[in-house]
Each structure stands twice: as structure tokens, then as C-alpha cells.
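Working from the sequences, and respecting the hints, build out all of it.
Order-wise, the sequence lines are chains A and B. Under our numbering, the letters of the first sequence match residues 4 to 347, in that order. Under our numbering, the letters of the second sequence match residues 4 to 347, in that order.
These are computed hints drawn from the structure, not numbers from a lab. Incorrect hints may have been included.
What the hints assert, rightly or not - Cross-link-like lysine to aspartate or glutamate pairs, in silico, EDC-like; alpha carbons within 20 Å at most: (1) B/153 with A/157; (2) A/196 with B/80; (3) A/212 with B/157.
2 protein chains.
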Amino acid sequence: MQASAARSSSMLVTKRRCSSARRNPQQVRPRCVAEVTVRSEVKSKSKPSFDFNQYMKERATLIDAALDKSVPLQYPEVINESMRYSLLAGGKRVRPALCLAACELVGGTIEQAMPTACSLEMIHTMSLIHDDLPSMDNDDFRRGKPTNHKVYGEEIAILAGDALLSLSFEYIARETRDVAPERVLQVIVEVGKAVGSEGLVGGQVVDIKSEGAGVTVGLDTLQYIHEHKTAALLEAAVVSGALLGGAGEVDVDRLRKYSRSIGLAFQVVDDILDITATTEELGKTAGKDLAVAKTTYPSLVGLERSREIADELIEGAKSMLTTYDPAKAAPLYALAEYIRARKN
Amino acid sequence: MQASAARSSSMLVTKRRCSSARRNPQQVRPRCVAEVTVRSEVKSKSKPSFDFNQYMKERATLIDAALDKSVPLQYPEVINESMRYSLLAGGKRVRPALCLAACELVGGTIEQAMPTACSLEMIHTMSLIHDDLPSMDNDDFRRGKPTNHKVYGEEIAILAGDALLSLSFEYIARETRDVAPERVLQVIVEVGKAVGSEGLVGGQVVDIKSEGAGVTVGLDTLQYIHEHKTAALLEAAVVSGALLGGAGEVDVDRLRKYSRSIGLAFQVVDDILDITATTEELGKTAGKDLAVAKTTYPSLVGLERSREIADELIEGAKSMLTTYDPAKAAPLYALAEYIRARKN
Numbered sequence: 004m005q006a007s008a009a010r011s012s013s014m015l016v017t018k019r020r021c022s023s024a025r026r027n028p029q030q031v032r033p034r035c036v037a038e039v040t041v042r043s044e045v046k047s048k049s050k051p052s053f054d055f056n057q058y059m060k061e062r063a064t065l066i067d068a069a070l071d072k073s074v075p076l077q078y079p080e081v082i083n084e085s086m087r088y089s090l091l092a093g094g095k096r097v098r099p100a101l102c103l104a105a106c107e108l109v110g111g112t113i114e115q116a117m118p119t120a121c122s123l124e125m126i127h128t129m130s131l132i133h134d135d136l137p138s139m140d141n142d143d144f145r146r147g148k149p150t151n152h153k154v155y156g157e158e159i160a161i162l163a164g165d166a167l168l169s170l171s172f173e174y175i176a177r178e179t180r181d182v183a184p185e186r187v188l189q190v191i192v193e194v195g196k197a198v199g200s201e202g203l204v205g206g207q208v209v210d211i212k213s214e215g216a217g218v219t220v221g222l223d224t225l226q227y228i229h230e231h232k233t234a235a236l237l238e239a240a241v242v243s244g245a246l247l248g249g250a251g252e253v254d255v256d257r258l259r260k261y262s263r264s265i266g267l268a269f270q271v272v273d274d275i276l277d278i279t280a281t282t283e284e285l286g287k288t289a290g291k292d293l294a295v296a297k298t299t300y301p302s303l304v305g306l307e308r309s310r311e312i313a314d315e316l317i318e319g320a321k322s323m324l325t326t327y328d329p330a331k332a333a334p335l336y337a338l339a340e341y342i343r344a345r346k347n
Numbered sequence: 004m005q006a007s008a009a010r011s012s013s014m015l016v017t018k019r020r021c022s023s024a025r026r027n028p029q030q031v032r033p034r035c036v037a038e039v040t041v042r043s044e045v046k047s048k049s050k051p052s053f054d055f056n057q058y059m060k061e062r063a064t065l066i067d068a069a070l071d072k073s074v075p076l077q078y079p080e081v082i083n084e085s086m087r088y089s090l091l092a093g094g095k096r097v098r099p100a101l102c103l104a105a106c107e108l109v110g111g112t113i114e115q116a117m118p119t120a121c122s123l124e125m126i127h128t129m130s131l132i133h134d135d136l137p138s139m140d141n142d143d144f145r146r147g148k149p150t151n152h153k154v155y156g157e158e159i160a161i162l163a164g165d166a167l168l169s170l171s172f173e174y175i176a177r178e179t180r181d182v183a184p185e186r187v188l189q190v191i192v193e194v195g196k197a198v199g200s201e202g203l204v205g206g207q208v209v210d211i212k213s214e215g216a217g218v219t220v221g222l223d224t225l226q227y228i229h230e231h232k233t234a235a236l237l238e239a240a241v242v243s244g245a246l247l248g249g250a251g252e253v254d255v256d257r258l259r260k261y262s263r264s265i266g267l268a269f270q271v272v273d274d275i276l277d278i279t280a281t282t283e284e285l286g287k288t289a290g291k292d293l294a295v296a297k298t299t300y301p302s303l304v305g306l307e308r309s310r311e312i313a314d315e316l317i318e319g320a321k322s323m324l325t326t327y328d329p330a331k332a333a334p335l336y337a338l339a340e341y342i343r344a345r346k347n
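What follows is the structure in C-alpha cells.
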């Protein structure tokens, strides 16, 4: 678990469980604590003038302002403080940014997609709060700050997650403007599916059950975990943005394929970096070699084939964007490129 | 914590925290385990022909069948098993029944309201699963069965609650038929508000913070806890049923008042029964006298005034129903009467 992997993981704050942390609950994972540095070389090749870093910075500012308004500091203050503590703890806001970008790509506005963008970050935050709990990953730090339950206690942390999850759906229904109600309902279904037992929760459960001595994980299972723990919410972000922006079936299908590819590619690249960096740093970061015992793409199909798979996925994702205005598609191209660049 | 209170509490499975259980986490609370017996004398005075027990039994059968379909036993099985274990563990299905009754009262059908009725039970179940967790009330039994985390472990129990909460909103959006989409969105907002930091979670937080030595709880705080922990979801059940059935503003307002009154009355009567029964059984059930230390309506305003408040609330609730067809309003009359009858 090394610096480059830590950066990459934090960018999307990947939800793969850290075996070493589970075996030694008191251990602080640098992967969870490391600050994100978006590298300057990550720019769209097709649009050299597009400044991905600047774009993401501006979007994060917009999204943070909207998130700040979404949870008012009202009675009973402690629960709203707890929700805000984790929701406003920073991060690159990749899921909201994807949602806004997809909405704009198909002709919609930022305003139409912003409530759903906030909702996606609420869900992501909920999953982190609950995943950090002592009975789950038992993490003490997240993004360099004490985890929610370390500050507010387990009871409040569980309830803060519940309140954020509930608010996420209420917020889409209550705050979305200038979108046909049936489309808003479609978005709620899309987001709900990405969270529940067919989404994020399903992926976490399979991951939990795949841990421990004597469990053999095949490529199918590994792909299931990745697709559900990481890719499902990314897919919901892109597809809901498209729906809110008025996309037809063809566009929704196309962008769904794009999002599935980048979601899976992200985890394949993450696996590659994990293995590479672990090898490089072996013996330097004590205890981290335990992570190698985890089934990964390289451990199943080898490093080279893993790189080929990642390349195929990225190319596949980008091929879904060729029919769009390159200026509007630039953020989505850049995100795919960003994932590829992480190989280096 | 005695037989009559146990029955009454289980009827709505009240969510007030049990101080004695918190002080002695290993103690099994009969209140949580007791089976419900709906007494035959609980019948609407205005409609003597209406058989409340039979009605509730038939509704529970319908609702249970719908709930059974709502969570299919698919991969990954363990999470769906865990969700189903608690969701299908029995209970009188009061919230779904209220939702269906309110929908029919204003001219709607059972079919229109059933997805939301199921959603309300999913939310109620989620709140019980999370409330029973070791870091919360640490209960080993619920409705006579081991609690979710005792069977599936804490990780799965937390995730099962999350998945049920997520599904509850998705289910309304996905499964509701023959209702205008904007009405379905209104229902989602109504339900969301009842769960989050302005609803159930808010009430639980204030309850948690009101426990422990040196904390003085006033009538305002007690009312806040009751209104949010118990009454909010009952209100959402009635109001969402009305919205789904096509109610106008006047009907929605009227039924909102009805639901607020019965929700608060339920807890006032619960407090009365708690005090009365504790006195009667004092010394018989070891350790239960600790519950007396909890702030209740009788401890704040006395037993007689508490009874008057309960009577006023029940009369107020019933006065909201006088403009409706007595046959259609019979279930809602009967529920109010049921709460009054619990005094005896």
C-alpha cells in the first residue's frame, strides 16, 4: 500500500476492503489517509486545451457549496454536525462531477443535476462512515481526519449514515427542478439499485465473504466485487446525469457502457498499482505485504494481461464518446485518461 | 415493563430506548419479545359491526405477501436472507395498514399504496435492526427471535439495514402504478423527512442524548422524542396513503392532524401503562424498576393529567374523520380506539 496507489485510491476513495487493517484493526492505513494530488499530466489527448485539474477544482467548489446547503445545522445539532463532518471533509467529488458532466453532455444544465450530484456524495459518505465502524473495517482515520465514530461515537455514526442515506433520496425528490417527474423517479430507481443488495451493499457483502483463510476467489467473483463496490455508483452518477439532462435511450445506453468501463478499469488499474508498488516497496512499509494475499487481477491473469484489460476498457469507454461535441465530452474523456495515466 | 405494556408496545413496536437494557446489555427485554394479542374489545364504537382484529389479520396477510416479493432471494443470498429474516419476522404491520387505509379512505386502491406500504415496513425494520446493534441497544432478541446481528453478524446487520433503507425509496419509485409521478415524488419526500435527522433519526439522537446521569428532560424534549421516534413514521404512513389515493390539500391536512394525534397519544398511553404496571409489579420483575427513572408524561404532569392528554389526543384524532364515509373511516377510527383502550 504505497504512495501512488494511495493517491489513486483516494481519488475515487475506492471501497475495497483492506485485509491488513482488518487483521490489525489498530493500524492506520495510509491509503485512507493520503491526500489526493491530481497530476498535471492527466489531460485529455483529444482536447489538449482542456485543463482537467482546473476543471475538477472548479467543480469541487460548486459541489461543496451545494453540499454545505444540503444539511443545515439545525436541532438536534449533533446529528447534523456529524453528517456535515464527513460530508464536507473534502475529496475530489468525482461522482458528483461525473453526474454534472453527463448532464451537460446531453444538453442539460448544472442546476438540473446538482441535487442528484449531492445525493451521490451523501451515499458515498454514508458508505465510508459505515465501512469505517469498529464492526466493519475499524478505521480510525479517513482523509487525514479521525473517522466519524471516533469523533461522535458509534451510535451517532450509524445514525448519521442512516440519515445521509435517507436524505439522499429525499433530496433528489425534493430539490430537482426543471426535470419531468417521471425522469426524477427513474433517477431514484437508478441510484437505489446502485446502493442496495444489487449494488454497493451487494459488493461489500461478497467482499466480506471472500476474506479469510481457505476462501478461493475467482475472476467472476472479483469482477462482481469491483462492479458493485466501485463501478455501480459511478454508473449511477453518469446515467442519472444523462437522464436529468434529457438523454434518450441511445445516449443512456452509450453512457452506461462508458461508466461501466471506467468503473471496472479503475479497479483493474488499482490492482496493478497495488502489486507493482508492493513489490517496489516490499520490506519498507511493515505489515503491508499482507495485502498481497488478496486476490487481484494481476494475481489471477498476470500483470501484462491486466494492463491489456485496463487498456481495452479505457479504449472502450472513450469509443462511447465519439459522437458527442468534443468540448462537452472533454471532462469524460479526461476522466478516462486519468485512469489510464495512473498506470504510470 | 409488564405484560400489558409489552403487548401494547409491540403492537407498534415502539422505539423508545430501554434504559435498563442499556445499563445491563445482556438482559433480555420481555417488551421486545412479547407476542402481540389484539384484544377483542378493541372495536370502533361508531361502527360496532367492524371487526378490527379480523381486518388487521387480513391486511397483515396481504402485506406479508407483498413484502415477501419485495426482497427476492438472489445472489448474494446472505444479505437478502438477512433482510428477509427481519422484514418477514411478523408483526401487526400497523404502518402499512395505516397507509392502505388512508389511501382507500380518500378513494384510492390497495394496489396504489402497496409499494409505499412495503417501504414503510422496510424502514421500520431497518430502524429495529440498527437499534438492536451492540453499539446501540445491544438487544439479543426481537419478537422472540435472535436479533439480526446475532444471526448474521454485525457487518451484515448494518448492511442489511442500509440495503432495506435504500430499497424502501427505490421501491416506491419503481413499483408504484397508476399514480401521477409528481405525487410519487411527494410521497418520497414525506417518507424521507420521517426517517432522517428531522424524523426518526432526530428522535433517536435526542433520546440518546437525554439518557444518563444528570440529564434533565422537560416536556418539550419528551414530546420531541415521541413525535420523531414514533409519530413521524405513522404520520408519513397516513399522509403518503392519502397522497397516493389522490387526496387534496384539505384531506391531507386533516389526515396529518389525525396521524400526529394518534402517534403522540400512543406514546402518552405507553408512558401511563409503563408507570401503572411498574407500580403493580414492583419487586416481581427484578431490575425493571430502573425504567421508572426515565422521564415520562406521568412523571412530568402526573397520571391524571396524562390520561386527560391521551383522551384529548384521541378525541382530536377522531374529530378529523367525521366528514368521511364511516365504513371507509372505520379502520382509522378503530386504531384510535385501540390506543384509547390500551388505558385499561
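Hint by hint, here is what the structure shows:
1. B/153 with A/157: 18 Å, holds
2. A/196 with B/80: Between residue 196 of chain A and residue 80 of chain B the Cα gap is close to 16 Å, so the pair holds against 20 Å.
3. A/212 with B/157: 13 Å, holds
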